[in-house]
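A.B. asks: The hints should help you fit chain R onto chain Z, whose structure is shown.
There are 2 protein chains.
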Amino acid sequence: MVDIATRVWNHKWKIDPIVRSMIDTDFYKLLMCQSVFRNKPDTQVTFSLINRSRHVPLAKLIDEGELREQLDHIRSLSLRRGESTWMRGNTFYGKRQMFTPEFMDWFEALRLPAYHLERREDQYELTFEGSWPEVMLWEIPALAVLMELRGRAVLNEMGRFELQVLYARAMTKLWEKIERLKGHDGLRVADFGTRRRHSFLWQDWCVQAMGEGLGAQFAGTSNCLIAKNRDLEAIGTNAHELPMVYSALAQTDEALAQAPYDVLSDWHDEHDGNLRIILPDTYGTEGFLERAPDWLAGWTGIRIDSGDPAAGAEVAIKWWQARGEDPREKLVIFSDGLDADKIVELHQQFASRVKVSFGWGTMLTNDFKGLTEDDRLAPFSLVCKAVSANGRPTVKLSDNPNKAMGPASEIERYKRVFGVGEQERMEVVV
Amino acid sequence: MVDIATRVWNHKWKIDPIVRSMIDTDFYKLLMCQSVFRNKPDTQVTFSLINRSRHVPLAKLIDEGELREQLDHIRSLSLRRGESTWMRGNTFYGKRQMFTPEFMDWFEALRLPAYHLERREDQYELTFEGSWPEVMLWEIPALAVLMELRGRAVLNEMGRFELQVLYARAMTKLWEKIERLKGHDGLRVADFGTRRRHSFLWQDWCVQAMGEGLGAQFAGTSNCLIAKNRDLEAIGTNAHELPMVYSALAQTDEALAQAPYDVLSDWHDEHDGNLRIILPDTYGTEGFLERAPDWLAGWTGIRIDSGDPAAGAEVAIKWWQARGEDPREKLVIFSDGLDADKIVELHQQFASRVKVSFGWGTMLTNDFKGLTEDDRLAPFSLVCKAVSANGRPTVKLSDNPNKAMGPASEIERYKRVFGVGEQERMEVVV
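Just so you know, the sequences run in chain order Z and R.
Heads up, the first sequence is in the working numbering, so the first residue is 4 and it goes up one at a time.
Heads up, the second sequence is in the working numbering, so the first residue is 4 and it goes up one at a time.
With the rest of the complex left out, here is chain Z (with noise of 0.2 Å):
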């Protein structure tokens, strides 16, 4: 096992890159480059980088020259042959051949697209545009490697043994977690932290101790990498991209509203069973499942990401009864700001009523909160996203004001379109 102390303190990284795999990324992305591979193929997306947390100066945190290094290091990754292996041989969601001889032909052959990086003030501007497969890429892995900059620019500063209780106390804390989670019933939960970890090693320490501490209870990880390592289930099904630019590339209103139904149609041609996923909140979940066509109803569950969890579940079953479905078959998959008490609680309240599972993302992977001083560790809420698609600027709504983007006129556009009124504000931690 990596003394992930010793590591840090070592090296300081020179040896150990952020990203070091092209499949050191979420699977739902390889599933999603997949369908837009045949898709979309030639649709022009932009990605940026958005820090919601303007608190974090990342730009006087983080070295530019650094963070160039190692934006740089992936664009020289290619996909190595086990790992093309794998993602040939294996067998995902129970499937062989998940992913075709054309997209992995293609896969094989590509390398990240450039980057533009530009200082604005205190904050880094980072986009990447080109072919919505190609750029689509670059999502986790910039930021992971913005969140572990980030976190090495506070960890540069500790000493040895310092270091070392820094990861004694991460250790026992996501140990007590784990302990807390441990023995529900049928409480399932899947490592979702990629995107927002504290470093690579540490997510691959954190699998590792799920793996040991829950048993059958830990459903797997979303990191590819990881997953291939580890030989568990890589979990993933699909994203907000996918109905975002869908809808950017919709030309009259009436398109528009029907956008997010033609992603899942799409998505119902590729897959069947517990990929058959629903993401509902993009334009809000209510609207968005009263209008939903019938064959929706019969996918295996729903995801829910924004919003009052218990209130989206909630929605879920009533919608589902009132199409007929028994809401005990169906899947309810929250993922949004997990941690153990709230899983614990939601596990509680709804496991007699849906199959329940969790996607534990940033406070699985990265939760350094009230370790050091100033808390200058904790996780801080990046996201990067598909701001325009040929074009013309993406919007998301969501279940959470504050989790929207877009321009003004157009959220506007879009709530009336998808009949979304009032709703609640819910603060966005992570």
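Hints should not be assumed to be uniformly reliable.
As the list claims (entries may be wrong) - With a Cα cut of at most 27 Å, we get these calculated DSSO-like pairs of lysine-lysine:
1) Lys372/Z x Lys185/R
2) Lys333/Z x Lys358/Z
3) Lys372/R x Lys176/Z
Read the hints as simulated data drawn from the structure, not as lab findings.
Remember, predicted model here, so these are calculated numbers, not experimental data.
C.D. replies: Quick look at chain R alone, frame taken from chain Z:
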């Protein structure tokens, strides 16, 4: 840096003997050994293991074969060249050639004598008989072996991440203590924790953590191997075994009353400065100081190793004042049952009145209290004492009747000879 948890997990210690060197022992043992080698080389002494914590069934927890293996390994050790060089060439307490060439020649040739091990119900009877300078060197390694084997029995049942978290918690706990000790002006602490350490690797970690965390406030370690490896001061002076054996050898009550002073008279001839530390409690501190010759008041300090430490310090201060000495020039060393809070409290209480120093033992190197279910790693009170000399039983009274040892009739005689009245009983935890 060694990742202790992984080492524990990977090897189940087959490659890590518990005691790995002739100088993996307390510095004062070597000082006393030289004194005994010079003054009483032919005295036949028996050392015996005494488990004051009868509720810890050592023979149930520790496999006899494993115990023999570890003890046999110790008998196979001899002083290494680099160790001899260090003892011959290093400066101890500011003095070169602390160890004479005669002693070093003898020590280089030494192998530890045979041991006698027998199981008696749930405890082990472990004794060492032979010439005093040889058998006395068994005390520290024998205790370290039993403490660590008892720990291993518990650790063996733990998973890989459970172990990582166990050590993470122990590290966090110690670091918090170090932070509590930090910054108190003039507060100086030494490691006295070899005999009841959790393990060698753990003691080594604790010592390094003290060094980084406390800087100049960390005075050094009693462990010679660690002092040598880490370039630290080796700390220690003398112990109860000297007056206990000298007293057992006394043929009359008059000789008995004089014996503890004979010890210090021999010591006076050999050492000066900070090595002239009185350990006054073997047969009651008050009586010992009252009857002490005046030249003892000229010594540098007093070590308080039983009874209420603050009361002991007050007695010492009053004694110095009565003998016309300035207590502010004197050193009080606290070494009994210390933990961080107590150290800070005693420091605040006495730092302006005397020079204060601390020998921190078990709760520095073995505080695994509360870290496992049923607290099966909590330290316990194990000692290994000289029980007879030339066929006559030894006696220890100390300032706490719960620490007294020896045949009841002899205890009575000693109490009479040394004028010891009622004493306050204090719980002995470690």
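A.B. asks: Going through the numbered hints above, which ones does this structure break? Give me the numbers in ascending order.
C.D. replies: none
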